[in-house]
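Asks: Sequence:
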Amino acid sequence: MKREWIYPKEWLEIHPYTATNGIDLYYTELANRLYGECRTAGIDDHTLRKVCLYAAAYMEDTVSEGGLWCAFTEENRRLYGRTLPFYTTGDDYMAGEVNEEDVRFIVWNTLCLHAREEKGHGAYVNPMEERVSDIAGEIYATLAEEYETAPENGRMSEVFNGYRDAAEAERKLTWLAAHTYLTEPSMSPYVDRMSPQDKYIMPTGPHALFLHEWIDLLRGGDGGEWRNVEGLYFTQPQPDEGTREQCRRMYEKFIAGTEGRTIHYIDGYEGLRGFLTKTMGWPDDDDHTLPQLRAYRDFALMAEPEKGMLIARDVCRYIADPENPLYNKEEAATGAFRMLTVPMACPPDLLTRCIKEGWLPDAAFPDGEGRETVQRDLDFIARHALLYYYRGD
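Using this note's numbering, the first residue of the sequence shown is number 1, and each one after it goes up by one.
Quick caveat, the hints were computed from the structure, so don't treat them as lab data. Backbone N, C-alpha and C fix where the C-beta goes; we use that ideal spot for every residue, glycine too. Hints are supplied without guarantee of correctness; some may be wrong.
What the hints assert, rightly or not - Within a straight-line C-alpha distance of at most 30 Å, the following computed DSSO-like cross-link-like pairs (lysine-lysine) qualify: (1) K172 x K9; (2) K356 x K253; (3) K278 x K253; (4) K307 x K356; (5) K307 x K253; (6) K9 x K119; (7) K329 x K356; (8) K307 x K119; (9) K278 x K307.
As the list claims (entries may be wrong) - Between beta-carbon pairs, the in silico distance windows are: (10) Q197 x P283: 23 to 33 Å; (11) Y80 x Y17: 31 to 41 Å; (12) W5 x R371: 38 to 48 Å; (13) G242 x E158: 41 to 51 Å; (14) G221 x E13: 28 to 38 Å; (15) Y80 x R3: 29 to 39 Å.
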């Protein structure tokens, strides 16, 4: 089948400016070369176009010292002590140059998005799949060949030095939030529903970073004049004293009824109803005992003095807390991974606790492989897949 050309218009869609020059045409031609040379099976044409555009943009970013990839790897080292999620970087890995491991991540990141678009949030691509390494190998060979002569794009190296006016700041921040080669894959399902202010409070990119976190990384920790953009460096609203007192009382009742434990596991709705009425003192009627939860088979309740109590549904079998009588290793082997990737499958505070305590030891990729890799990258997988549903409050 004859392939359509990738046009400069598509290249501009992942850039913070509106007119092309000769350098943009070079990288558009590079994307077309990658697109024309890739022969790996198992990837649809739309996804392949995106992979090739993103790979060319990664090359441009690296050559031009645009800072996106450096910010990503810097944050990964800060969070996890290694350069990349999933992939080991050996002695031949050269920071600041193009690397095959980097291209693998870009390919995987793009394939993962399109798997979710086609099959829903539960879909996931194993980063060790052969097609990921095959596509990356083909692309990297071309990038390595072009690297020494590829032109620097000065416009990309100066993007976040500052802005002339509010309109330019808005354009650059919108690009960073949802249209770079690193952030578009995560935000494309949401971008049509985002208001201008939403981009400040919605984490974006592989690590689910807020825009002000991206800005600080790109500027070496100094937001500079970007701190003047209204809403960018937001603060979370704090509950009033009445709400805080209500949360404290709820927490105290909770731990009084669980012998001091902050997490409690309940089998079945009738058990939940009994806990709510007898331990928490809620009225025993359908207006207060959550009858809409009758269909669920188990409940994990968690209390914090600042937030009160949360209820998670149908995750108890997956949580290897020594105090959890409902944990089922066999069910966890096939079900625990969804806690990391399906929005609202598990409240973020409980998921964070499970990851911190090592209570998801059975989680593996949906194909049953890679348990060791998943265990090493639990927090990254949750950030990457859940975004606001993990890092939001």
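Asks: Would you mind marking each hint as holding or not holding in the structure?
Replies: For each hint, the structure was consulted:
With a CA separation close to 17 Å, the supplied pair K172 and K9 stays within the 30 Å bound. For the hint linking K356 to K253, the alpha-carbon distance of about 25 Å falls within 30 Å, and the restraint holds. Note on K278 and K253: the hinted pairing holds, with a Cα-Cα distance of about 10 Å set against a maximum of 30 Å. Taking the CA atoms of K307 and K356, the gap is about 19 Å. The hint holds against a cut of 30 Å.
Distance check on the hinted pair: K307 and K253 sit about 13 Å apart at the alpha-carbon level, within 30 Å; holds. Annotation: proposed proximity of K9 to K119 holds, straight-line Cα distance about 29 Å (limit 30 Å). Distance check on the hinted pair: K329 and K356 sit about 19 Å apart at the alpha-carbon level, within 30 Å; holds. Taking the CA atoms of K307 and K119, the gap is near 34 Å; set against the 30 Å cutoff, the hint is violated.
Only pairs whose Cα atoms come within 30 Å are accepted, and K278 paired with K307 is accepted, the gap being roughly 21 Å. For the pair Q197 and P283, the beta carbons lie near 39 Å from each other, so the given range of 23 to 33 Å is not met. Taking the beta carbon of each, Y80 and Y17 are about 34 Å apart, inside 31 to 41 Å as hinted. One distance hint, 38 to 48 Å for the beta-carbon pair W5 and R371, holds here, with the actual separation near 43 Å.
Between G242 and E158 the Cβ separation comes to about 49 Å, which falls inside the hinted range of 41 to 51 Å. Take G221 and E13: their Cβ atoms lie about 30 Å apart, and the range 28 to 38 Å holds. Separated by about 38 Å at the C-beta atoms, Y80 and R3 satisfy the suggested range of 29 to 39 Å.
When each numbered hint is compared with the structure, violations occur for hints 8 and 10.
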